[in-house]
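Colleague: Spelled out from the first residue to the last, the chains are:
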Amino acid sequence: MIQVVLPKNLQILAGVGRTVEVDVSGPVTQRTVLDALEARHPALLGTMRDHVSKKRRPMIRFFACEEDLSDESLDAPLPEEVAAGKEPLLIIGAIAGGRREPAATSRA
Amino acid sequence: MSRVRVLVGTRKGAFVLTSDAARKSWKVDGPHFAGWEIYHVKGSPADPERLYASQTSGWFGQVMQRSNDGGKTWEAVGNQFEYDGTPGTHRWYDNSPHPWEFKRVWHLEPSRTDPDTVYAGAEDAALFVSRDGGQSWGELPGLRTHHTASEWNPGAGGLCLHTIILDPKDADRITVAVSSSGTFRSDDGGKTFKAINRGLRSNHIPDPDAEIGHCVHHVAMNPERPNVLFMQKHWDVMRSDDSGDTWREISGNLPTDFGFVVDVNANEPDTVYVLPITSDSHHFVPDGKLRVYRSRTGGDDWEALTKGLPQKDCYVNVLRDAMAVDTLDPSGVYFGTSGGQVYVSPDGGDTWSSVVRDLPGVLSVEVQTLT
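Chains A and B are the protein sequences, given in the same order. Using the numbering used here, the first residue of the first sequence is number 1, and each one after it goes up by one. Using the numbering used here, the first residue of the second sequence is number 1, and each one after it goes up by one.
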């Protein structure tokens, strides 16, 4: 089983704890892990990547084995430790950001 | 026995406040969706137990929530909002062309007759509708493809569609408002829209007869008299007696005519409420005093309502969707502040008290009158 660690807001949204386990058959990639995660927890659809293009949302990062994999190909194999279930794929809300355009303040 | 349910969206979650018809003793339930911005929560007039909530985040995007039990439990429903066709560009703050990009839903307006039909006002400005209880959403592109849309500029809060009014007597009539483009009306169920901004005057627009470009903050209507609309514009409080075809200013003796909210008493269609804000740079109430202003004459002549509201050292703002009225007699009036207070007046504005004082900053307030 692949272990995925979710940020707090997505834990609340999906009604799960910090770590979620998903089963992936075939190659273990960002795409296949996120496909499995969204299939198991449909509330997460659209919150980590675009519904259609599957492009990562700008303020989301993917870390594993002390590496930032955010800009790796969606179809690149994840580290063997992740595929073996020994290390989690960390889904991170970027610490910097979340604000919108400088001129805009929400609901002003 | 009648009771009320107040639906509060805040910067860090949603809260449900309930009381009996006396509106003196309150139960506070929440936060729901803790940590998320909740732009709007609104109930279906056709099934008051059916609620919709717009849950948003700069990190995680748009989520739509639905409740079938009056807000006790919720389920995430569809959040795929795609513009119809190739959306093109509008004007950015520097007036350069900027691609149309979906960011969030500001306002939800459930159908008056069908609990599964709900309209959503989006940023960047567009009108969406779901006819399956929020599971799937489609754009009504007639607004965003209005012949002026490529010239629309965002207001300080973004290019947001923040007001949706469904006419209770004409199912094909939908009135919407966009910051900072203006007000638009469809008379064919949302297929096409026309700009309804004649009479609006805005200092930042050189052309006094400009069809668009007006920063409309909110529009309100009493359902018993749907042809009469009241508007809080960026500056100026306005009134239309012909469903928006023409407008006249009714700011009268207000201490300032800048503000965000406007609402109409449910039982007295000429009793109107606004909450003046010092200016567009201050974004707090004048003189450290929190004052609702009431007109009993449909505008022009306003009285300050202060009893029970802080009258010194108060510097809060009240945002455009953060005032509501119930349909009890006398009608209750509610508003929420940037400081996290929610106030209620059970007597049409004569006296006020706080329901809660320390919520996260309030983004929206709606009320349901339940029997």
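Keep in mind that the hints were calculated from the coordinates and are not lab data. Idealized CB from N, CA, C, for every residue including glycine. Check each hint, because a few of them may be wrong.
[To be verified] If you want the footprint, here are the derived chain A segments under chain B, 3+ residues with CB under 8 Å:
#, stretch
1, 4–13
2, 27–40
3, 48–56
Colleague: Of the numbered hints stated previously, which ones are contradicted by the structure, given in increasing order?
Modeller: Failing hint: just 2.
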